[in-house]
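Trainee: Given chain A, work out where chain B should sit, using these hints.
2 protein chains.
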Amino acid sequence: MPSGGAALAERLRRIRDVAEVLTRPAELFAYESDGLTLERGEPLCVAFPTTAEAVAGIVRACNEAGVPYVPRGAGTGLSGGATPVAGGVVIECARMNRILEIDGTNRSATVQPGLINEQLSLAVRPLGLFYAPDPSSQSACTIGGNVAENSGGPHTLKYGTTSPHVLAVEVVLPDGEITWLGRRDGHAQGYDLRGVYVGSEGTLGIATSVTVRLVPLPESVRTLLASFASLRAACEAVSGIIARGIVPSALELIDDRTIAAVEASVYAAGYPSDARAVLLVELDGARAAVERERGEIEGECRLRGAIEVRVARDDAERLALWRGRKGAFGAMGRLAPDLYVHDAVVPRTRLPEVVEAINRAALARGIRIANILHAGDGNLHPNITFDRRNPDELRTIKEVGAEILRICVDAGGVLSGEHGIGLEKRAHMCLLFSEADLEPMRWVHDAFDPQDRCNPGKQIPAPRACTESNPRHRGYAQVSF
Amino acid sequence: MPSGGAALAERLRRIRDVAEVLTRPAELFAYESDGLTLERGEPLCVAFPTTAEAVAGIVRACNEAGVPYVPRGAGTGLSGGATPVAGGVVIECARMNRILEIDGTNRSATVQPGLINEQLSLAVRPLGLFYAPDPSSQSACTIGGNVAENSGGPHTLKYGTTSPHVLAVEVVLPDGEITWLGRRDGHAQGYDLRGVYVGSEGTLGIATSVTVRLVPLPESVRTLLASFASLRAACEAVSGIIARGIVPSALELIDDRTIAAVEASVYAAGYPSDARAVLLVELDGARAAVERERGEIEGECRLRGAIEVRVARDDAERLALWRGRKGAFGAMGRLAPDLYVHDAVVPRTRLPEVVEAINRAALARGIRIANILHAGDGNLHPNITFDRRNPDELRTIKEVGAEILRICVDAGGVLSGEHGIGLEKRAHMCLLFSEADLEPMRWVHDAFDPQDRCNPGKQIPAPRACTESNPRHRGYAQVSF
Chain A
1 MPSGGAALAE RLRRIRDVAE VLTRPAELFA YESDGLTLER GEPLCVAFPT
51 TAEAVAGIVR ACNEAGVPYV PRGAGTGLSG GATPVAGGVV IECARMNRIL
101 EIDGTNRSAT VQPGLINEQL SLAVRPLGLF YAPDPSSQSA CTIGGNVAEN
151 SGGPHTLKYG TTSPHVLAVE VVLPDGEITW LGRRDGHAQG YDLRGVYVGS
201 EGTLGIATSV TVRLVPLPES VRTLLASFAS LRAACEAVSG IIARGIVPSA
251 LELIDDRTIA AVEASVYAAG YPSDARAVLL VELDGARAAV ERERGEIEGE
301 CRLRGAIEVR VARDDAERLA LWRGRKGAFG AMGRLAPDLY VHDAVVPRTR
351 LPEVVEAINR AALARGIRIA NILHAGDGNL HPNITFDRRN PDELRTIKEV
401 GAEILRICVD AGGVLSGEHG IGLEKRAHMC LLFSEADLEP MRWVHDAFDP
451 QDRCNPGKQI PAPRACTESN PRHRGYAQVS F
Chain B
1 MPSGGAALAE RLRRIRDVAE VLTRPAELFA YESDGLTLER GEPLCVAFPT
51 TAEAVAGIVR ACNEAGVPYV PRGAGTGLSG GATPVAGGVV IECARMNRIL
101 EIDGTNRSAT VQPGLINEQL SLAVRPLGLF YAPDPSSQSA CTIGGNVAEN
151 SGGPHTLKYG TTSPHVLAVE VVLPDGEITW LGRRDGHAQG YDLRGVYVGS
201 EGTLGIATSV TVRLVPLPES VRTLLASFAS LRAACEAVSG IIARGIVPSA
251 LELIDDRTIA AVEASVYAAG YPSDARAVLL VELDGARAAV ERERGEIEGE
301 CRLRGAIEVR VARDDAERLA LWRGRKGAFG AMGRLAPDLY VHDAVVPRTR
351 LPEVVEAINR AALARGIRIA NILHAGDGNL HPNITFDRRN PDELRTIKEV
401 GAEILRICVD AGGVLSGEHG IGLEKRAHMC LLFSEADLEP MRWVHDAFDP
451 QDRCNPGKQI PAPRACTESN PRHRGYAQVS F
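Residue numbers (our numbering), protein chains in the order written: chain A, 1 to 481; chain B, 1 to 481.
With the rest of the complex left out, here is chain A (with noise of 0.2 Å):
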């Protein structure tokens, strides 16, 4: 443990409702990054509270001792959100995980932070309800580091990413108060804190209890799986889709080297050898509704060339369709020690151009990659399979990753689409934002943590960082679609 460390951690397991605290090295290790293995820092301690009240009390002490601290859950997060690159604390909320409250007539919970998210929605299935926003980690991630990132997932195209989901928060403030932000209810007061909270990547405090909108099961779920002999055809079709104005509950594009990846491994689907793209497209909400629906994309699909359609006719079919993409990081992570999942967005039409340029510009670093694109919101996981003890490889495989940022904010896009900014993208937020355009988070960010100590070093870059990368533009907003 570096110095300095041993006298605090004393300190922190004397606060009641620290489980435990941990300082070995051996220890420390696995909570040296999230699942953004790129970039690692060594934390003085990790601490497990099991209430807000010791949250609390933890940031108390860090105050006192003048230490950064780390909100994390499962460390799931892809872009270094829980990452104690200044050091510090890491505050593991793992064991806040119980669901305090499920109110069925009001269709809401209240958990606490370290849930996981498909537990809440497997706890609600017998009221007839589910948690909407699932992203792909949905089984090992948390409902408190979701509300931190504002995760998307597979259904966010229509249910929306994790804040409409979220009523009210309640938070450990960097002065180590506790507030609720929003209302449990939903008929909050006053400004939205609740929002400008979620999504703020654990810089504005701890959550420390979430309430959360639940919402019915829907009547019918029906689930295809289209293949095509191109990534163009796939992404007409997914444009031809969204023209008739239907919203599928998931639109998902797997390419083709996830095809080769997923084929290969245990996860084989039996995609059809010729297929290059395979679109995954579900639908759910009233039965005549979604079987009319149904018919309108298989026929869509037919006419952009599919070379197969499948509809699965029971859940176990429509798991059988899932096999492929919930598969798709575990057959990627046999093929090499690291994962970089990256995660951008560009607008919908600009789909194909986008992935071959981005296959060019890793290609011509020697670096293959493969796309999972939620095909619907023009967001994209080009996914890079490495080995971090090689230091060549790891700086190569940061410059192909700001040349796919560089490649979609030309082409009208955004740095990430569900997975934050976080370490990983800090930098790169002078690519969207001026000097100008950033005061106003500074304004939010130093009036909750003025010293700074509240998850040091993620999303919001310092001042005076975007000076030179960036002058003062209005082009943020001026998005030509």
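Be a bit skeptical, because a hint or two may be false.
Have a look at the derived ranges for each label pair, beta carbon to beta carbon [what the hints assert, rightly or not]:
1. A:Ala140 x B:Ala364: 57 to 65 Å
2. A:Arg125 x B:Leu122: 40 to 48 Å
3. B:Ala364 x A:Pro216: 40 to 48 Å
4. B:Arg464 x A:Ala402: 47 to 55 Å
5. A:Glu20 x B:Ala364: 55 to 63 Å
6. A:Leu319 x B:Leu127: 34 to 42 Å
7. A:Phe29 x B:Asp410: 48 to 56 Å
8. B:Leu122 x A:Pro216: 29 to 37 Å
9. A:Arg16 x B:Arg464: 25 to 33 Å
10. B:Ala316 x A:Pro216: 27 to 35 Å
11. B:Asp446 x A:Gly66: 21 to 29 Å
12. A:Pro272 x B:Leu127: 35 to 43 Å
It should be emphasised that the hints constitute simulated quantities derived from the structure, not laboratory data.
The beta-carbon is built from N, C-alpha and C at its ideal position, and this holds for glycine as well.
Mentor: Showing chain B alone in chain A's frame:
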């Protein structure tokens, strides 16, 4: 014009794209209040900008003169948000009323803040789209005012208030800089300042462009009107409908006094003579689902003892059913020179007892209340007719107003469902919030507007205002449903 105003008015007239500056008392009179005529304030002058740059010029001139300013749209607000209570300059945005862009493919539109709400839906109807948030005043109120108040309306139950429909706002900040909050394509990055701006009642800057989400016109719309012999029976029908998992696009309740006012007016809707409460239910969506739900709702209303259920067979009949509801304010306005339209929220299940308690409290002071309820949301609008020229009457109805809020908060409710806090309810915020609860809102306010010149005296109580009335508590979000 109050002294000191002449030089400032002259300066404002020289700003490019300031079309007009009013200074004569007879002209200023109309700008002394918005729709809340209980409180008034005399402005120095009223300026009519036509561009964001002109608004920024006015704000900078006010800063240099040390004078406050108040943004205003159509002045239809009902909580005094546009009332120049501290004097200064009224920035009247009514001439910034153009639609700047309609993007059918991405279902969004960018408009100036002075555009009248209904004009947008009319303009995008040929594209099969509409703008969902529809305050009852939608034929007069402006999008900018809706953004300021985060306005609701009859269709909030299904579509939500204004905030989820706003993608981005161009704002003149209190320092005179022009910036975008949010992003026009919905893919914002960083803190959600768009969200904190919507509903900030003009206290964090002045909106100069708004990009909103458009929604596909539903395939089918069905409207029912059910009459009941008691308020309680109608409220039970409301809860019964919601409990079936149906989310109508509107679920409005009109009480007996409102029925009497409507039936005595040109808006007479022919309600049964023994009706003591009328429920207006609208469904929209896919035809099959709407028809099935219509049947369920008819059954539920009859089960709860409806005297009569009418179902509109076509658009003409549909408008006829809405006639009594839409004409209710007009019908009441005939009875006295002034109308105080109150606004509060309680848990839906508490509606009958709360309405009865409000009626009793008013009657004890010799006041008769007519109530219109967005019953699905638990949102009450107790209406009081009065004559503001009578000081006794004025004092009495302010007392009744305060009593209404206490009753609603005691029942687990909040101060405002859709009209905002404004001037009217600022002091009453202490019923809900402790000093400590309000601190984070003040942090944000002071970060944006450290000089307190941007619509001062509204929404967030001044520091220490709540010290005595409400000791530190955590009751705000700890609602019992």
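Trainee: Which earlier hints can't be squared with this structure?
Mentor: Structure breaks no hint.
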